[in-house]
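What follows is the residue order along each chain.
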Amino acid sequence: MFIDKNSIVIYANNNSINIGEYLVEAKFGYHKLWGQDSGRNLAGTQTGTLLGIFPKITMQFRALTREELELLAPYLDSAYQQVSYYDATKHRQVLMDTYSNDWEVINKNIISGEVKNAPFSWAVISVKKRG
Amino acid sequence: MKTINHLEEYKSYMSKLGKQFSISAYYKEKGKAGKNLTAEDFNYISLHYEGGLLQSVAKQLDIECNFEIVPTKLEDYGATYLQLSIYVPVQGYGVETIDLGMYFIKSVEKQEDTNTYKAVCYDAMFVTMQDYVDMGITYPITVRDYITEIARYLHWNFKNWQDTFANYDKEIPRELYLDSDGKSLGYTFRDVLTELAQVVGGVICVDDSTNALEIRYINDTNDTIDENLLKDVNVNFGNKFGPINSLVLSRSADADITNPVEDSESIAENGICQIKISDNQILNWDDRETYMQEIFDKIKSIEYYINDFTSTGILYYELLDKYNVTIGDTTYNCIMLNDEIELNSGIQEYINADEMGEYVADIKKSDKENNKINKISLIVNKQEGVIKGLVDETEDLRKYQKTVTGTNNVILTNTQTSNGAIGRLEISNFNDLSLYPSMTYPSSTTYPGKMTTYIIVTTNGSTIIDETYIDLNTQLSGTDKLIIDNGKVYISRNDTLIDTEKVVGINTYDNETTLYVKYFDNLNYVCNYIVKNDFTTRFATIGELNSSITQTADSINLQVNKKLDSEDFTGANIILAINQDESEASIMADKIDLKGKEINLTSDDITIESENFKVTKTGVVTANSFNSNNANITGGTLKLNDGGASSYSDARILLQSNSEGNYAYFTSGQFYLQKNGYSANLQTGSTSINYYIGKSNVNLASIGSSGIDYTIGTAVAFSVRENGVTFIRDGKYINWGPYSLEKFKKNISKTKICALDLINNTDIYEYEYKEEEQNGKKHIGLIIGEDYKTPKEIISNTKDSIDLYAMISISWKAIKEQQEIIEQLKERIEKLERESGK
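Protein chains in written order, with the numbering used here: chain E, 1 to 131; chain P, 1 to 838.
Bound conformation, chain E alone:
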């Protein structure tokens, strides 16, 4: 559950950024990953190994200026990050190792200090299962 978007800090490339100010929305997802042995047993019952719950934070960015985009781009490009966020189940700030998906941004105009790009989303997914 998102409580304070300012609680999201991205660490990458030996830098960090409090990314909350650039966001309009952050969605915290807790995804279960099942093993290859998942399926039904001979009794018809679904069975399988739960590999773990892997948190995912999907961030919706507001329209960004060129300067803001230039500031965020290295983080968005990074393959691996560490992300600090507030985890409601743990009642504390949690640091997790993540990887990120692709990012795309629509520019209908040449962006500048005033002209901004369209909003876009980006997600980070925990490398390890939630402890």
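Heads up, some of the hints might be wrong.
Listed next, with one range per pair, are the computed distances between beta-carbon atoms [claimed, not checked]:
hint	chain 1	residue 1	chain 2	residue 2	range
1	P	Trp-161	E	Tyr-99	54 to 62 angstroms
2	E	Ile-17	P	His-155	42 to 50 angstroms
3	E	Val-127	P	His-155	42 to 50 angstroms
4	E	Asp-102	P	Glu-75	28 to 36 angstroms
5	P	Thr-97	E	Ile-17	43 to 51 angstroms
Derived by calculation from the structure, the hints in this document are not laboratory data. Beta carbons are placed, not taken as given, at the ideal position from N, Cα and C, and that holds for glycine.
Starting from the known structure of chain E, fit chain P onto it as the hints suggest.
Frame of chain E, contents of chain P only:
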């Protein structure tokens, strides 16, 4: 079975969605500190083994890990290893730990693209993958002590070192896996353990909890799993294998199969399921049959369903665990033989069990049909001395069985004298109990209407040959059947087979045998028997044959021992032994018959030698005696060294006819002939040579070389010397001449030959002899031939020479005739002188 504290809860947890597990591992490398590892350090783990009875079994662990791992060197065994456990958190009941054991790294590959390591590891069986060597064992040694010594040598604990497992106390008499020089025969310790597993009737493997060498037998867990633990794909249950009810041993190439140890009741009920152990060095000797019962006791009655399924993760069964699988209303009893546990993203466990013998290299389950004639060993046609391949003939043996039926009796055709030809005899329809109610049997006791002893009569033609008494202590009636199966007597009653525990032998005879039960009519007979053939030990000879072929890397020993104990044979033992090693080949037999037109010994250095006969490589023949009907020796020199023999008994060349006393012999200085009492003896001495002619040991003539003396008995003798010929008679020297005594002559009359006319009509010639060298000197004398005037009166009886005595005598007569003429002329002269007055 591994210990699971809350088994049913565990099973339930493992069958559900959302189970979780973790890995705990410990890696130790020699000289370095150990590392505790978790699932984070592994990408992939697979543990599997392929097992079976009567084998040694090793577990293989394949891993892909993120940490550097190195192979274990044999000398570092115990110092570099990986230990592995699985933790399963059973909710509400704690964590179950499944210890997968300790493994040694056989090989490692680094994956450069992913910076991971793939390794192949084995359990402690890893250390057996080296050549078997001399461990300094003192023989004989018991099986148990032998295994202990192997474990000790491999720095291994032996879990069963105090146990009384099968054949634990049998003695191994000698080193079997090294040659006589102590060199390797190509066996590894693993090979030896596999053979020991056969000897103990179980499996030799590693105990995960203690990492010790273990002899393991079937362990009945009484555990049942159901379809909740089985995946819904790849679930296969086939036929039931077993129950094992027969065991045989064979030597290499399926030869020389022992008589089986078997459970006849199980065979009768289930058909035969036979295990054959072949080519085991320990079970290859004359005492091999002493091992069989204890091995059989361990494997008999083993049965299980052939299976192949994937489970959701059981993990706690161990090799040879016996368990049940229930699917719906069907329960399959199974034995854990093959297992593969895959830990990847999730747990997959693949379990399967095949027929025994399909994958166990040295154990074969014999075809049931062929083993109904279960007295087959190596197929030897002893009558013709031909050995034929067992496998082919075993398949064909079915054609030598025949089943016949009959009512009142049964006639077996093409039989041969034997007491083991009848495989199965079934007699039924014992309905008429009132037969012969007053029959007296077996003595004066009368059994009115009752008979509990059944007499099987066999006849050859019309002649009753044998009667076999079977006392059943019960009366057969109704649907009862009397069954004789391979000599064992059963009663079939109300579809129940009752073993009477009696054994009989029913004889068959040459060509045709009729069989019936005495005193009973209308019985029905079904008889399965073996017809006359060359291939069963019952028929090939009336005797027994032992043969063995022993082959090592550098020698072959073939032995055939034939012992004949029938009165039709002389009872001689025929033994043929052929032994060949790298330096020598020898053939031993009472008689060796080499047939062919030519025996070619082409080696330059061939020597043929026996105690009394020798031919050296240079062709020198030495023999105590030489007998031949007609010996021709052409070319070269025949030399005999007699060592100075001087008599018949010492002679080195003796020619002797069948008539006693007729012979000739040569010694170094003598040639002697004797026949019908006449003898000729030519002797040479250092200064003389003598030739003796005799009769009845009396010399008639002798010729000597000191000068030459001719002695003819003592009546007349003549000697030839340089100065002439001398004749001696009665010790007196005489002039040579014919015998003139009146007593030697007949038809005596004065000759009327006119000698002068004869002489005047005779021509004298000069001549040379044709064979004489021409030296200008001619002979003067007479010529006998056509146109030569030589009077017949002086030609000898042989008509080829002049009778000198006759010639002298005629000359003498001519002188007389001339003297008479001279006297006449003198008288006339005197008369004329008187008349003339002078």
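Checking each numbered hint in turn, tell me which of them this model violates, lowest number first. Of the numbered hints given earlier, those the structure breaks are 2, 4, listed in rising order.
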